[in-house]
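Peer 1: Using the sequences and the hints given, assemble the complete structure.
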Amino acid sequence: MSAVSENRELATVSLIGARIPKMDAPEKASGRARYIHDLQLPGMLHAKILRSAHVHAKIVAIDTSQAKKLPGVHAVITAADVPWQRPIGVAKDHLPLKPDRVRSLRDEIAAVAADTPEIAEAALGLIRVEYEPLPVLTDATAALEPGAPLIHADRPGNIAMTFDYSHGDVGQGEAESDVVVEDVFRLHYVTHCCMGVSGVIAEFEPNGNLRLYSNTQVPFLHKREFAELLGIDPGRIRIIQPPIGGAFGSKLDIYPFEPIAIFLARITRRPVKLVFTREEEFLASPTRQPVLFRLRSGCRKDGTLTFRVAETLHDNGAYTSWGATTPFVMMQTVSSLYRVPHCKYHTRAVYTNNPYAGSFRGYGNLQATFAVEAHMDRLADAIGMDPLEFRLKNAQEPGETTPQGMHFRTCGLKDCLKSAAERSGYVEKRRAYRARQMDANPVKRGIGMASMLHVGGGAKIYPSDGCGTILKLDDFAHVTLITGASEIGQGSETVLAELVCEELGLPIAAVTVVNNDTDITPWDVGVHASRTTFIAGNSAIGAARKAKAKILAAAAAKSGHAPEALDLRGGFVVLKASGERVIELGKLIRSLHFQDKAELVMTTHYYEPPSKHQDRGFKGDVSAAYAWATQVCEVEVDTQTGIVRLLRVTGAHDVGRVLNRLGIEGQIEGGVVMGQGYALTENLIVEAGAIRNPCFRDYKLVTAPEIPEIDVEFIETMDGEGPQGAKGVGEAPAICIAAAVANAIENATGVRITALPFTPENVYRALRGAAQPPQWRPAD
Amino acid sequence: MSAVERFAAPRSLEEALEILRAGEVTVLAGGTDLMPQSHSGKLPLARVLMSVRRVPELQGIAETEGTIRIGAATTIRELRASSLVRGRLPILWQACDRFASDQVRNAATIGGNVCNASPAGDTLVPLLVLDAQVVLVSKPDGAMQVRRLPIAEFFLGPGRTRRRPGELLAAIEVPAPPAGFVSEFYKFGTRPALDISAISIGFGAVRERGVLRAVRVALGAVAPTPIRAARAEAALEGAAPDEQALAAATAAALEAIHPIADVRASDWYRRELVRNMLPRVVRRACED
Amino acid sequence: MPARIDIEFTLNGVRTRASVPPAMSTLAMLREVLGLTGTKYACGEGECGACTILVDGRSVNSCLMFAAECDGREILTIEGLAATERGERLVRAFTDAGAVQCGFCTPGLVMQASALLAADPQPSEAEIRRAIEGNLCRCTGYRKIIDAIVAASSGPDPALAAAGEGQ
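Residue numbers (this note's numbering), protein chains in the order written: chain R, 1 to 780; chain H, 781 to 1068; chain U, 1069 to 1235.
No wet-lab data here; the hints were simulated from the structure. Where hints are given, some of them may not hold.
Claimed, not checked - Calculated pairs, DSBU-like style, for lysine-lysine (alpha carbon to alpha carbon, straight line, at most 35 Å):
1) R:558 x R:472
2) H:919 x R:68
3) R:550 x R:612
4) H:822 x R:69
Unchecked claim - Coverage of chain R stretches by chain U, computed from C-beta distances (three or more under 8 Å per stretch; other residues unrestricted):
5) 239 to 246
6) 391 to 404
7) 653 to 667
Just so you know, even glycine gets a beta-carbon here, dropped at the ideal spot from N, CA and C.
Peer 2: Pasting the structure below:
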C-alpha cells in the first residue's frame, strides 16, 4: 500500500506538455504484445484467397473439386456458396466473392480454409478457373470516352462519384486578376505499407454470435456493416481489436478478406484466420488516391489571391472505397488554404480496372496542397513578391470564417509561416540558392515552403462525430478508463490517460485503459480525421470531471470544507489554495464504498463536438477546430543523377496545445518521413492494371540513413473547445512535405516538376526536358 | 511443398564434393538469395540441400606471395571487417560496405554473390576490376580437381555461370594490386546500401606520373552479366584522366553496354548515369 | 510423409530440440513450431528486419535462414533478450525515448540495437543509422529509435561489466 501512495505523490506537477512514454511500449518492445498474426485459437483454420488471373474478364466456370479433396482442406468457397452475401464498401458496388465477373487483378474469386496456411495455399493451386477476357481499361481518361467498356453495368459512363463546389464567381475573380497561372499536376499511387500485414480472425460462438478479431479503425461502424452483410442483428457481433501493426487509414473500409474469413468461419463452424503475405498486402490493399489535378489560380499584382478553379480526375479503380471521397478534404484546401474570394472545384471519380484507392493519412490533402502551394510560389514569382510575404498577405487570422463555412476559432497560420521561415533562414536561402541555379556545380541546393490546413476537431461526416467514455475508480483509486476510441499506434491511450490524470491528480501508472472490445467500450465513430485526441479527449475529461465533482462533494461533506475550496493533487484531496492534504483519495473512495448508503465512483460521458454537417453544397463548419502547419524543406539535387536528398525540415505546427510532448514529436517525425516517402522514394508502379513492384525491394520506404534533420516548433493557440486547448495533429505532418519539396526543387534548379514522385529518374528527365509533363485530356 | 528430402552439412571439402558428385544438390551458403528464390519458385530446391558453411577450406582471407585468397564462404561482414581487404582491396571493401544491410551482410557470402551471378551483384564489378580468378573444385572420379577461371569468363548470363554441376566454388583469388593502384566503386542508389543498383561502375588503374596504366573499367546492371569495357579501358590507357580522355572513355563505355528497362530504371536513364558518372568515378579514384 | 530434419541448438540459453521440414525458415520455426511470436513476419524477403534474431551473437534476418542451419548454434530471440539486463535496458531506452508507436518493428530493432552495442558500445549517430538501415519502420520516422540507441549506449552498462558478456 505504501509503495502505491509513494507513486501517487509524484503526480503533483501538471502532466500537460510532459514527455510521457507510451503505456504499452514495454510490452511491444519486449515482443510480448500479441498482434492478430500472433494469436492462435483452439481449432483454428487458416484461410487463403484465390485472386483473379485477369485484369478484366467474365468468369465462365470455377472448378473447386480437386481443391476440396486435398487432405487438410475444410472448405473451398466461391460466390455460389454464399448467395446471401451483400455488397460492401463505400458505394456498395463490391461483392466479397465475385460471382460472374472480375474487374481487377486483386478480385477475390474463391477461398480455402485448411489446417495450415501451406495446405490452403496448395489448395488454391488446384482450383481451376475458366475466364473469358474482356477489354481492359486502365486509364481514367479513356474510361470517360463514349463507347468505353463499362466496368459496372449500372454505372453509366464509368462515373463512380462526382463532387462540385463553388463559392463566389470565378469569372469575376479571373477578370480581377493581374496574373493567372494554370498547371496540370499528377499525383501517383503509393500504399500504406503498415509493418503488420492485413489479417483477421473470425469465430462464431455456439449461439451464432460472431466474434471478430479485427484491426478495423471503425469497430462500431463495421459492427453494423458486418451485421448487414450477414443478415444478423448488430448486437450479436463483437469486435475485439488486438494491437495493430499500423493503420494510417488503411482500415477504414471493409475489404473482401474480412467477410470471406467470416463466411468460412460460418461454413466450417471453426475459427478462421486469414493473414496476407507481404506481396498480397501490396497487391490487394487500397492505395492512396491517385489524382490528375488541373488548377488555375490568379492574383492581383498587390498580392491578393483572386480565384482558384480546380478540376480533378480520380482513377476510382474497379470498386469504390474511401479514395473516391477524398474531394471532401481536397476542396477544403482549394477553397480555404489562404483567403480565396472565388473558387470552383469539380471532381470526377471514374471506374477503371486498376487497383482501388482507400483513405490514407491526409486523405487527399497531400494531393491538393501539392497543387495549391505550387501555385502560391508561381503567383508570387510572377508578381515579383517574396513567397513568404505573399502567403502572409493571404493568410487567415483567428476569428475568420471561410466562404466554405469553416470557422477558425484559433488559427496559427501566420505564426506558423513566420516561425518556419525564420528558423530555416528561408528568405535569404531561397534568394541565394536561386542565384546559384546556373553555376557550374552540378549539385544544387534549394529551399521550399508549404502550409497546410486540415480538420483538427473531428469531422462531422457521420450522423454523430462523438465518443463515449466510461470511467471508474476502484477502492485504491486506480482508474479504469473505458473509451470507444481505438488505438492504432499513435498513442491515444496514453494521451487519454494523461488527460484523466490531469483532472484527478493521479500518475499515469494509476490508469488502465480499455479500448478494444465493442462489448465493453462505448460508441466512437472511429480513428480518422485526426480526431481522437480532440473528441475522445474531451469525452474522457468529461467523465473525469464528473468523477472529480462526486469525489470533491463527498470530501466536502466529510471534511466540512466547501467543494470549491478543494482539489485533487498527488493522489490526495487537497485544499486548493494551499495544497494542504485533506484526505488520501483511496481512503476517501473506500469510505464512500463501505458506508450505509454505499457508492462507487463510476461516471460516463458522451462528447459530441459542436460542429455542423455540411449542406448539399459542402458548406458548413464541419470540424470543431482546425489545424495548421507550415513546413520548410531544404534539399540537395544532384543534377547529374536526379537524386534529391531531403536535408532538413523546419516545421511549425499549430496544435492548439501540446499534451504528450513525446507522443506529438513522434507523430510529427513519422508524418514528415511518410511525406518524404511520398515525395521522393515511394512509387507503386501500376501498369496495364498490374502492380509491378509488390515488394520492399522495389517499393522504397525511407530508411534510417535517409531521414532529414527535423526541427519543429509547436504553436500553442489554446483552442477553447479542444481538450486542454489541443487540436488534432495525426495527419498534419505528412501533408505539405511533397509540396514544399517541389518548391525547393524549383528553387534549386529553376525547373518546376508537376508530377510525383521525385524519384531520381523522374527528376533527371524533368531537368533534361525529357519528361512527359501531365496533360489534361478528359472530355469536359 | 518442397522436394527437399535431406539436409547435409559437410565438415570438409572432400565430404562436400562427394555429396555434390552424387547429384541433385542445391548448394547453400548464406541463403540470402536462395531462400527468397526458392519461395518464389525461381529456383526450386533439389533433393539434397547442402550447407557449405562448416567447410573449413571455404573460409579465410589470406595473402600469400602476391595473391589474396578469399574463401567462398567468407561472409560480406568478414570482408568488411577485414583490414587486409580494406587496405589492399579497397574497391572490394567499398562494395561490401554498400551491400544490403547489416543482417544480410552477416549471412551473405562472396561465393554466393558470385555464383548467383546477378548482373547487379555488388561484389562482381570490383572483382572484375581486380582481375580476380574463381577457383572451382570437384571430385569427378575420386581425385580432387581444381580449375581456375578469370572471373570475366565465369559469367554467362543472369544467374548463369560456368560452374559445372559437380563443382563447388572454393575461393576467389585476387592478385595483390601493384603499387600506385587507385580504384573506386560506385553504386547508384539513394541509400548507402539497401538498394539493387540501377548501375554500378568500378574503376582501377595504376597511376604513374599523372598517367594511367593497366586500366580497368567494369560496369554492372547494364548488360546480361557484369562486364569489362575494353574500349573504355583503352581510351584511358597511357593517358592522363583529363576531359578529353574521359569523354572518349565514356563514349566507348556507352557503346559497350546494353541496358534493359525494368521497374528500377529505363535503359535511357542507365545510359545517362554511365555517361554522367564514369568521369566522376575516375576523377574520384585519382584524387589524393 | 514429407521429410523432417532433427536439430538441436541453444535457444535463449536453453538447449532445445526441434524437428523441422528441410525448407522451413528459422522465422517459421520460431513462430509456428516453437510458439515464439515476438519475432515478426513483415516481408519474408530480408528487406525489413522485423524478423531479426541473433545467431552466435550476430544479427540475421530469420526469414532468410533455413531452420536446419540453427543446428549447433546459439539463437537469441527478443523473448530471450528481453529477459536479460541488457535487454531490459534497451526496452527501457526505447520506451523512454518514445521510439515505440505501433511497435511491430520494435522487436527487430531492439535485437539489431543489441547486436550493434555489443560490437560497438558507443556508436556515433552515423554508425547507428547505418546499423539500422536494414530495419524498416513506418510509424516513427526513426528519429526516436536513434535517440533510444544513443541513450542505451551512453554510460557504462553494469550488466555488461559484471557479466563480462562477450557477445
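Peer 1: Are the hints correct? Go through all of them and say.
Peer 2: Consistency of the hints with the structure:
no.	hint	verdict
1	R:558 x R:472	21 Å, holds
2	H:919 x R:68	48 Å, violated
3	R:550 x R:612	32 Å, holds
4	H:822 x R:69	28 Å, holds
5	239 to 246	holds (count 4)
6	391 to 404	violated (count 0)
7	653 to 667	holds (count 4)
In the structure shown, a violation is registered for the earlier hints numbered 2, 6, in ascending order.
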